[in-house]
Amino acid sequence: MLSPESRRLWTWPIALGVLSTSGLLTALVSDAWGDVWSWLGLGVPVAVIAWFAWRPRPAANKA
Amino acid sequence: MLSSRAIRVWTWLHKWTSLVCTLFMLLLCLTGLPLIFHHEIGHLLGDEIEAPELPAAMDKQRVSLDVMAKAANAVHPQMVIQFAGENEDDPRLWWFTLAPTPEPTDQFKSVAVDARTGLAVREYRIGEGFMDLMFRLHVDMFAGLPGKLFLGLMGLLLLVALVSGVVLYAPFMRKLTFGEVRKDRSTRVKWLDLHNLIGIVTLVWCFVVGATGMINTWAELLVQYWQYDKVTALLAPYKGQPLLPAAERGPLQASMDTAMRHGEQRKVSFIAFPGTSFSSPHHNTFFLKGTTPLTSKLLQPLLVDAKTSQLTAAPELPWYLTALLVSQPLHFGDYGGMPMKILWALLDIATIVVLGSGLYLWLRKPQGARRSAKGTAGAAADLDDPKHPETAAA
Numbered sequence: 217m218l219s220p221e222s223r224r225l226w227t228w229p230i231a232l233g234v235l236s237t238s239g240l241l242t243a244l245v246s247d248a249w250g251d252v253w254s255w256l257g258l259g260v261p262v263a264v265i266a267w268f269a270w271r272p273r274p275a276a277n278k279a
Numbered sequence: 045m046l047s048s049r050a051i052r053v054w055t056w057l058h059k060w061t062s063l064v065c066t067l068f069m070l071l072l073c074l075t076g077l078p079l080i081f082h083h084e085i086g087h088l089l090g091d092e093i094e095a096p097e098l099p100a101a102m103d104k105q106r107v108s109l110d111v112m113a114k115a116a117n118a119v120h121p122q123m124v125i126q127f128a129g130e131n132e133d134d135p136r137l138w139w140f141t142l143a144p145t146p147e148p149t150d151q152f153k154s155v156a157v158d159a160r161t162g163l164a165v166r167e168y169r170i171g172e173g174f175m176d177l178m179f180r181l182h183v184d185m186f187a188g189l190p191g192k193l194f195l196g197l198m199g200l201l202l203l204v205a206l207v208s209g210v211v212l213y214a215p216f217m218r219k220l221t222f223g224e225v226r227k228d229r230s231t232r233v234k235w236l237d238l239h240n241l242i243g244i245v246t247l248v249w250c251f252v253v254g255a256t257g258m259i260n261t262w263a264e265l266l267v268q269y270w271q272y273d274k275v276t277a278l279l280a281p282y283k284g285q286p287l288l289p290a291a292e293r294g295p296l297q298a299s300m301d302t303a304m305r306h307g308e309q310r311k312v313s314f315i316a317f318p319g320t321s322f323s324s325p326h327h328n329t330f331f332l333k334g335t336t337p338l339t340s341k342l343l344q345p346l347l348v349d350a351k352t353s354q355l356t357a358a359p360e361l362p363w364y365l366t367a368l369l370v371s372q373p374l375h376f377g378d379y380g381g382m383p384m385k386i387l388w389a390l391l392d393i394a395t396i397v398v399l400g401s402g403l404y405l406w407l408r409k410p411q412g413a414r415r416s417a418k419g420t421a422g423a424a425a426d427l428d429d430p431k432h433p434e435t436a437a438a
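Line by line, the protein sequences are chains H and V. Heads up: the first sequence begins at 217 in the working numbering, then just goes up one per residue. Heads up: the second sequence begins at 45 in the working numbering, then just goes up one per residue.
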């Protein structure tokens, strides 16, 4: 099993990777729910980037 | 955990595979961005052809394939029809491509014909305009098959860069929480963190688009291999026969009726006429597609004798062409509606940021090394020295 250190490092990357993969695949097989899921599967990673890139500085809050 | 030697090797791999492919990847990302919306842009520029306004009752009405072909050929009487097919978005229109000979060429014309009336509507613009420039730069940089294969090789380097980047993610992130961007440190540290964040989050998308793009560069070769490997045997009875003269060909509609009888629940994707690259000198080859989201990407070839309109063969598509066809939407991002296209564009822009920041991190490195040589405490943390990844992440 993953060490606690690896788990801390890889949990989010793996979760987002699995989510992206599922989104890329569901839209291939279904034009209804599959498309909607793909918007979520690819939209969440985009939102995650935007959040961490533009969120207020945590360091400044602590100060 | 990686040894410091392993980190050095992976760093070397990441640096050089990225550096070699970065400029080409930037070109592909920038030209690919408008191509995601080629359909919408085509509408805006008036490049897309709209079906003429006719009473809705006529929508299901169809003239024969022969009437449509005659109308298309009348626009360019000196040319022969190479391929034809139903417009993907509007079944009331069919497109016909014409060229001086059946041989593959860049000098072709494409005519839209109204399937309800059999009248030529307009010519598609081929080889001109902004979108065509974007397309050629994206596909082969105006260098034909060698250009395509070269870009495919750059795609392979990108995949190696992605894998090595993932391996290096761990040592760089050891002391950071997920998504942490140290904005209170130097600009270089901030961009290092952003590079790692955006790189790891877009990883799957980037890998899929990169890999499917690379596979697409092999399309011509895969089709040729299939023809050589399988189709030649199917056409053995016709071996050595010259191109069937137009006067000896039976009605096209009869050929199409034969094809449609064998392909239940299917639609015409395109037809390759005798002597063209996807057919034989003696056959009209029909490529039929399914009607569900997945099967609409897959093609069933049917070789119909152009003289007798009898079916010669219905070969199964081999796995590698199936893989090619399924990989195409995964590259284009055109299979999940407008929201998917927008996300595709945002992920494309994110990739540009990863490429640009990677380049910046490499360019700024000598300066960081110089500063650390002076022994300032702050500068040491600016380094992403592969031998001391801990300091880089400190």
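The set of hints was computed from the structure by calculation and includes no laboratory data. Since the model is a prediction, treat every value here as computed from it, not as a measurement. We put the CB at the ideal spot given by N, CA and C, even for glycine. Some hints could be false.
To be verified - A few chain V residues that face chain H, going by a derived Cβ cut-off under 7 Å, partial list only:
| # | residue |
| --- | --- |
| 1 | Leu241 |
| 2 | Ile244 |
| 3 | Val248 |
| 4 | Tyr379 |
| 5 | Met384 |
| 6 | Ile386 |
| 7 | Ala389 |
| 8 | Ile393 |
Claimed, not checked - In silico negatives: residues of chain V with every beta carbon more than 10 Å from chain H:
| # | residue |
| --- | --- |
| 9 | His87 |
| 10 | Ala214 |
| 11 | Met217 |
| 12 | Thr221 |
| 13 | Phe222 |
| 14 | Glu224 |
| 15 | Thr246 |
| 16 | Asp301 |
| 17 | Gln309 |
| 18 | Gly319 |
| 19 | Leu387 |
Verification of the supplied hints:
At its closest, the beta carbon of V:Leu241 sits 6 Å from a beta carbon of chain H; the interface hint therefore holds under the 7 Å criterion. For V:Ile244, the interface hint holds, since its Cβ comes within 7 Å of a Cβ in chain H; the closest pair sits about 5 Å apart. This hint holds: V:Val248 has a C-beta 4 Å from the nearest C-beta of chain H, less than the 7 Å allowed. At about 5 Å, the closest approach between the beta carbon of V:Tyr379 and any beta carbon in chain H falls short of 7 Å, and the interface hint on this residue holds.
The beta carbon of V:Met384 is positioned within 7 Å of a beta carbon in chain H (closest approach about 6 Å), and the interface hint is therefore held. Violation of the interface hint for V:Ile386 is found here, the shortest Cβ-Cβ separation to chain H being roughly 9 Å, above the 7 Å cut-off. Interface restraint check for V:Ala389: the shortest CB-CB distance to chain H comes to about 10 Å, outside 7 Å, so the restraint is violated. A hinted interface residue such as V:Ile393 counts as satisfied when its beta carbon comes closer than 7 Å to some beta carbon of chain H; here the least separation is about 10 Å, so the hint is violated.
Taking the minimum C-beta to C-beta distance to chain H, about 21 Å, the non-interface status of V:His87 holds against the 10 Å cut. With a cut of 10 Å on Cβ distances, V:Ala214 falls inside the contact zone with chain H, its closest approach being about 6 Å. Not every Cβ of chain H is farther than 10 Å from the Cβ of V:Met217; the closest lies at roughly 6 Å, contradicting the non-interface assignment. Its closest Cβ contact with chain H, about 8 Å, brings V:Thr221 to no more than 10 Å, contrary to its assignment away from the interface.
Not every CB of chain H is more than 10 Å from the CB of V:Phe222 (nearest about 4 Å), against its label as outside the interface. A cut-off of 10 Å between C-beta atoms contradicts the statement that V:Glu224 is not in contact with chain H; the least separation is 8 Å. The non-interface label for V:Thr246 is inconsistent with chain H: the shortest C-beta to C-beta separation is roughly 7 Å, within 10 Å. Here V:Asp301 stays apart from chain H, with its beta-carbon at least about 29 Å from theirs, past the 10 Å limit.
Taking the minimum C-beta to C-beta distance to chain H, about 16 Å, the non-interface status of V:Gln309 holds against the 10 Å cut. Once the 10 Å rule is applied to beta carbons, V:Gly319 is consistent with being away from chain H; the minimum gap is 35 Å. The Cβ of V:Leu387 does not lie farther than 10 Å from every Cβ of chain H; its closest approach is about 4 Å, which violates its non-interface assignment.
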